[in-house]
Amino acid sequence: MTHRQAERDASAWLARLDAEGRIHADTRLEVLVGENREFAEWLKGSIERRVAVLRLLSAWQSADRLAALNVENPASRATPWRQSGLAAAAAILLFAIVAVALWRNVPADVPELEVFTANLETETGERETASLPEGSRIELNTASRVSVRIDAQTRRVELRDGEAYFDVASEPARAFTVDAGLAEVIVLGTRFAIDRRDERVTLTVIEGSVRVRGAGGSAVLTAGRSAEVDADGRIDLADLSQRDLDRATAWRRGRIYFEDVPLSQVAEEFNRYNRAKLFVHEDVADIHIGGNFRTDNVEGFVALLSDGLGLTVERGNNVLYVTR
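The sequence shown begins at 1 in full-length UniProt numbering and counts up by one.
Only true hints are included.
Straight line, CA to CA, 20 angstroms or less: simulated EDC-like cross-link-like pairs of lysine to aspartate or glutamate:
#1 Lys-277 x Glu-123
#2 Lys-277 x Asp-198
#3 Lys-44 x Glu-123
#4 Lys-44 x Glu-30
#5 Lys-277 x Glu-314
#6 Lys-44 x Asp-9
#7 Lys-44 x Glu-126
#8 Lys-44 x Glu-139
#9 Lys-44 x Glu-121
#10 Lys-277 x Asp-296
#11 Lys-277 x Glu-126
#12 Lys-277 x Glu-299
Pairwise CB distance ranges, derived in the manner of DEER restraints:
#13 Arg-145 x Tyr-321: 25 to 31 angstroms
#14 Ser-209 x Glu-30: 37 to 43 angstroms
#15 Val-313 x Glu-171: 48 to 54 angstroms
#16 Ala-238 x Arg-145: 23 to 29 angstroms
#17 Asp-286 x Thr-154: 45 to 51 angstroms
#18 Glu-41 x Val-313: 35 to 41 angstroms
#19 Gly-34 x Gly-181: 27 to 33 angstroms
#20 Ser-218 x Glu-126: 31 to 37 angstroms
Simulated from the structure, these hints should not be mistaken for lab results. Glycine included, every Cβ here is placed at the ideal spot set by N, Cα and C.
Starting from the given sequences, assemble the full structure and let the hints guide the process.
Here you go:
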């Protein structure tokens with residue numbers, strides 16, 4: 001689903017819920033979900049939908065607070081949703097844009113407005129892209145989870161599990177921080193990827209520069225470099241070729257690349273993306289594999305093992321056993 005379609009659908013849903021009298025200045029998304037099963041099912045369809053709803057709901061509530069602050073100048077007061085009849089999707093979208101613009105330019109003496117928060121996750125085999133209110137984008141790889149918090153001073157993301165690609169909107173006055181457990185990454189505006197798994201964190205910088213901090217120190221990385229942070233917080237830096245960079249983010253295109261990699265590691269990588277799991281017997285675990293594969297084509301891969309390498313593939317309940 002595209003970002004624009006998610007915005008349109010979210011607008012239509014909020015207009016419907018507002019017409020039913022379910023939305024108020026302090027309404028929380030969890031309440032709306034609990035009150036309307038059809039809305040809850042729609043919301044679970046994609047990360048983009050949840051982000052769009054949170055953004056539009058927060059924008060309206062923020063604008064309503066700004067209106068309350070302008071009591072001395074009624075002519076400049078933002079008109080509440082119901083009073084202005086903003087039931088049409090296009091009108092709500094326009095209202096959201098104005099509210100976010102006001103949020104970014106609110107004077108220092110105005111109390112802090114609504115904080116934007118979201119929890120985003122993907123299931124096995126899924127990839128999702130979410131656009132944040134300040135213009136940044138997050139792409140989640142398979143079986144990944146992030147939490148997002150954005151306010152007037154900070155932009156903070158916690159990568160709880162898995163892998164994500166970040167395209168960060170430049171804001172010199174408000175750094176973008178990613179907490180990946182073993183490492184913390186701080187940027188102002190750049191593109192990079194983080195992979196958190198197996199007691200390590202791997203950072204790959206595509207554009208711009210970032211600072212990575214671990215328990216053992218910190219380092220600044222520029223485009224074309226990577227850092228691996230181990231369980232002790234030690235940082236191992238490396239220079240990457242364009243080919244390395246393409247392979248590090250191949251999952252964004254639904255691909256995985258291997259070059260002289262043991263079959264046991266290849267199986268682990270395929271298992272990240274598929275419900276049918278590969279189990280490799282120890283007598284073939286050290287066979288080295290190379291190639292370019294679709295992440296969701298585990299059947300094609302085992303056919304290659306069987307027909308091309310003469311290995312035996314036995315099938316169980318969502319399990320593929322590979323032996324000689």
